[in-house]
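Student: Line by line, the protein sequences give chains A and B. Numbers 0 to 584, taken from numbering that gives the first Met the number 0, label the letters of the first sequence in order. Numbers 0 to 151, taken from numbering that gives the first Met the number 0, label the letters of the second sequence in order.
None of these hints come from the bench; they were simulated from the model. The beta-carbon is built from N, C-alpha and C at its ideal position, and this holds for glycine as well. Fair warning: there could be bad hints in the mix.
[Said to hold, decoys possible] Some chain A residues flagged as far from chain B (calculated, every beta-carbon gap over 10 Å):
| id | residue |
| --- | --- |
| 1 | Ile202 |
| 2 | Tyr238 |
| 3 | Asn355 |
| 4 | Gln424 |
| 5 | Ser507 |
[Unchecked claim] Dumping the calculated PhoX-like pairs for lysine-lysine here, alpha-carbon to alpha-carbon at most 25 Å:
| id | chain 1 | residue 1 | chain 2 | residue 2 |
| --- | --- | --- | --- | --- |
| 6 | A | Lys525 | A | Lys554 |
| 7 | A | Lys338 | A | Lys525 |
| 8 | A | Lys375 | B | Lys69 |
| 9 | B | Lys55 | B | Lys41 |
| 10 | B | Lys94 | A | Lys574 |
| 11 | A | Lys516 | A | Lys574 |
| 12 | A | Lys386 | B | Lys20 |
| 13 | A | Lys83 | A | Lys147 |
[Unchecked claim] Cβ-Cβ distance ranges computed for the label pairs, FRET-style:
| id | chain 1 | residue 1 | chain 2 | residue 2 | range |
| --- | --- | --- | --- | --- | --- |
| 14 | B | Lys70 | A | His404 | 57 to 63 Å |
| 15 | B | Glu109 | A | Thr374 | 34 to 40 Å |
| 16 | A | Asn513 | B | Glu109 | 36 to 42 Å |
| 17 | A | Asn513 | B | Glu125 | 58 to 64 Å |
| 18 | B | Lys70 | A | Thr374 | 31 to 37 Å |
| 19 | A | Ala326 | B | Glu109 | 47 to 53 Å |
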Amino acid sequence: MGKKFFNGNDDSAKQLKTYSKLFKNFTMLTIVCSLIPLLLVGWGINIHYTKFAKSRMINSIQSRVEHHAQIINLFLEEQSSKLKLIAFTHSKTFLQEPANLQHIFEMMNREHNVITDIGVIDENGRHLAYIGPYDLMDKNYLQAFWFKEAMEKGIYISDMFMGFRKEPHFIIAVTRSEQGEKWILRATVNSQVFRSLVENVKIGKTGEVFLINKDGIFQTSPRFSGNIMEKAPFPPGQYHGDVKVNIFKGSNPDSGFSNQITAETWLPNPQWKLVVKQDYSEAFADVNHANFATLIFLHLSALSILIVAIFITKYMISMIKKRDIKAESLNQQLMQAGKLASIGELSAGVAHEINNPLAIILTERQILLDLFGITKINDTEFCKQFKASMDQIDAQALRCKTITHNLLRFSRRTQSIIETIDLNQFLEEVIDLMEREAKTSGIKFIPDLDGTLPPILSDPSQLQQVFLNLINNAIHAHEGISYGTIRIISRVDEDKKGVQITFADTGSGISKDNIEKIFDPFFTTKEVGKGTGLGLSICYTIIKQLGGSITVKSKINEGTEFTLFLPFDLPAELKESMTNGSQNE
Amino acid sequence: MIGSKILLVDDEIIFTENMAKLLTSRGYLVTTVNNGESAIRKLEEKDFDVVVLDLKMPGMDGITTLKEIKKLGLFTETLILTGHGSVDTALEAIKIGAYDYLAKPCEIDELVEKIEGAWQQKDTDEKKDMQEKIQRVIESPSDAFKLFKKKK
Chain A
0 MGKKFFNGND DSAKQLKTYS KLFKNFTMLT IVCSLIPLLL VGWGINIHYT
50 KFAKSRMINS IQSRVEHHAQ IINLFLEEQS SKLKLIAFTH SKTFLQEPAN
100 LQHIFEMMNR EHNVITDIGV IDENGRHLAY IGPYDLMDKN YLQAFWFKEA
150 MEKGIYISDM FMGFRKEPHF IIAVTRSEQG EKWILRATVN SQVFRSLVEN
200 VKIGKTGEVF LINKDGIFQT SPRFSGNIME KAPFPPGQYH GDVKVNIFKG
250 SNPDSGFSNQ ITAETWLPNP QWKLVVKQDY SEAFADVNHA NFATLIFLHL
300 SALSILIVAI FITKYMISMI KKRDIKAESL NQQLMQAGKL ASIGELSAGV
350 AHEINNPLAI ILTERQILLD LFGITKINDT EFCKQFKASM DQIDAQALRC
400 KTITHNLLRF SRRTQSIIET IDLNQFLEEV IDLMEREAKT SGIKFIPDLD
450 GTLPPILSDP SQLQQVFLNL INNAIHAHEG ISYGTIRIIS RVDEDKKGVQ
500 ITFADTGSGI SKDNIEKIFD PFFTTKEVGK GTGLGLSICY TIIKQLGGSI
550 TVKSKINEGT EFTLFLPFDL PAELKESMTN GSQNE
Chain B
0 MIGSKILLVD DEIIFTENMA KLLTSRGYLV TTVNNGESAI RKLEEKDFDV
50 VVLDLKMPGM DGITTLKEIK KLGLFTETLI LTGHGSVDTA LEAIKIGAYD
100 YLAKPCEIDE LVEKIEGAWQ QKDTDEKKDM QEKIQRVIES PSDAFKLFKK
150 KK
C-alpha cells in the first residue's frame, strides 16, 4: 500500500512536471513565433526609416547651405557690380570731387547701410577722395596686398583684414584704366551687415554658420567655436564646386569635429568656405525620437505578446488538465465497468455450478430427514444433535443460496419492468419504511425533495432495492456513533436531462483505498458472514441498466454521499422491452 | 395428487436420483432422464402429468426441450427447475409455455407445491378439452371419429 501511495505521488509529480514543461514549450513557441516577426518588422522599418530620415536631413542641410551660399554670393556680386558700374560710368575727375563721391556713397546706402566707406585711389596708392567715418585720406595703399591684387585683376574682393582702421573688414576694389592711367574705386563692405547676413541663420540650439578663407581664418564669427580673424581649429581643405556633407560620429580630432554634422561649399569669389555645422544629436533629434518611439512600441508589443502568450498558455494548460482528468475518470469508469462485467460473467458461472451441488446437498438432507422420520432411534441425544445438524445444513445452504442468487442478480441482465414513478412519493415510502429501523440507532432522516420533480419511467422494484441498499448502508455507517443524519435529496438535473438523487450520511466515511473497491462484488468491510459484499455491486448494475450512473464522495469520519442519476430518456433496450411488454399485455 | 406421473429431466444424476427418491416417497410415480433427447423419447412413449425440467444441460438445452415438448401437443405441464436462475430465462420459458419456474436449490415442499399446481393446471386443461370435444360431438356427431382419432 505504501508503495502504491509512493507511486501515485511520483506519478502526479511527473504529471506536474509534464504540465510545466508543456507550459514552457507553449509559451516559448508562441513568443518565438510572434516576437521574431515583430522584431524583424520593427528592425526593418527602423532601418528604412532612419535611412530615409537621414537622407532627407542631409538633403535639407545641403539645400540650406546651397541656398545660403547663393545669397552671400548674390550680395557680393551685387556690391561688386554696383561698384563696377560706378567706376565705369564716372570719370576719375568726377569721382575725385568729394561732393560727387558723397552723393554716390549716399545713393549706394540709400536702402541699406551696406557700404562703410568709399574711396578713389590713384595708381600710386594715394587716396584721391574718401568718404567714410575714418581718417584715411593720407594713407598710402601701394604696399597693401589688395591694392596689388586689384591693380592686377581689375576687380578684387579681399579677405577680412584689420588694415589701418584696426578692425576686421573687407573691401571690394575695382580698377579702371582711363587715358592710360589706372585708378581704383574701393569700398568697404559694412562688416555688421555682411556678418549678420552670414551669421543670422539660426539652426537649432547647436547650429552655427560661418565663413573661412583658404588659410583657415574665420571670416565671420561662429556662434561657439571661435571669433572672426582667428584661426579655425580645423583645416580649410581644398576648393571644390559642390556641397559636401560630413557626419562626424564620436570624437574626431583630425577633423576638429565631434558628434557633428557639417555641410560646406566654397564661394567662387572670394574663395571662402561656407560652413553650416550642427550637433549630430540635435540634427537627428527627430530620427532619434522616432527610433525611441519605435523601440518603446516594440517593447510594449513584446510585453503584451508575452502576457497574452502566458495567459493563453495557462488557459490551454488548464483545459488540457481538465480534459486529462475527465479522460482519467472516464478511463477508470470504463475499467470499473469492464472489471464488473468480467466478474459478472465469472460469478454467473460459479453461481450455477454451486447451485447444483447445493440442490443435491438439500435433497440428501431431505432423504436423511425422511428416513429419520420413519426410523426408530432410541438415542435421544443423537436425535437432538441430528435435528440440530440438519437445521444447520439447511441454514448454511440457504446462506449459500442467498449468495448465489445475489451473484446471479448482479451478473445477469434481469428484465426490467418499466413503470411511471413519482420518485418523491416513492422515496418517501422507502424513507418511511427505513425510519422505523433507524429510530433505535438515533439516526434522523432529512428528506429534501424537489417538489417540481416530474414523474420518470423506471423499474420501481429495482429502484427500491437500490434505495433500500443505500439507506441500509448509510444506517450501518453510523455504527458506534450515537446520532447522525441521512439526507435524501432529489433534484432535476437540467444538464444531463434527468433526475439526481443524493443519499448523504454523517457516518464513518469510506477510506481512500476502499472507495475504489466499493462497487466490486464481494467487497465488504463487515465481519465475515454479516455482509455478502454484493449490495453496492447490484446497485451499480441496476442503475447502469436503467441508463443512469452512480457516484460516491466520502470523507473519513465526516460521511459519505452517494449520488444517483436517472435519465428522463430510457436506454433503447429498455424502451424496446417496454413496448414489447405492453404488446404482450 | 398422489399417483401423478412425473418426468424428471436433469443432467445431475445424483440430483435426479435423490429427487426421485423424495418424490416417490411422497406418492408420485417418478421417471428420471438425464438429457433433453431422452425426455422427448420418454414423452413419446408414455404419458406424464408433469415434467420437471432443468434449463442448462449438455446437448439439447432446457428451452429447446421445452419447445419440442410443446410441439408434441400433450396435456403435460412443464415446471422449470434450474440453478441458472435468472428472471430472463424464466420469463422466456414461461412465454414458450412452461407452467412455472423454480430456482435451485429449493425445498422439497416448495417443489411439491409447484408440482401440485402444475397437475391441477394440466387436469383443468384436459377436462376443458374433453368438454369441448363432447360439445363438438354433440353439435356435429359426424366429426367425432375424426376428432378423437386426431388427438393421440
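Student: All hints are to be evaluated individually against the structure, with a verdict given for each.
Tutor: Status of the hints after comparison with the structure:
no. : hint                            : result
1   : Ile202                          : 106 Å, holds
2   : Tyr238                          : 120 Å, holds
3   : Asn355                          : 5 Å, violated
4   : Gln424                          : 26 Å, holds
5   : Ser507                          : 35 Å, holds
6   : A:Lys525 - A:Lys554             : 19 Å, holds
7   : A:Lys338 - A:Lys525             : 22 Å, holds
8   : A:Lys375 - B:Lys69              : 46 Å, violated
9   : B:Lys55 - B:Lys41               : 19 Å, holds
10  : B:Lys94 - A:Lys574              : 19 Å, holds
11  : A:Lys516 - A:Lys574             : 31 Å, violated
12  : A:Lys386 - B:Lys20              : 20 Å, holds
13  : A:Lys83 - A:Lys147              : 18 Å, holds
14  : B:Lys70 - A:His404: 57 to 63 Å  : 32 Å, violated
15  : B:Glu109 - A:Thr374: 34 to 40 Å : 25 Å, violated
16  : A:Asn513 - B:Glu109: 36 to 42 Å : 39 Å, holds
17  : A:Asn513 - B:Glu125: 58 to 64 Å : 60 Å, holds
18  : B:Lys70 - A:Thr374: 31 to 37 Å  : 46 Å, violated
19  : A:Ala326 - B:Glu109: 47 to 53 Å : 51 Å, holds
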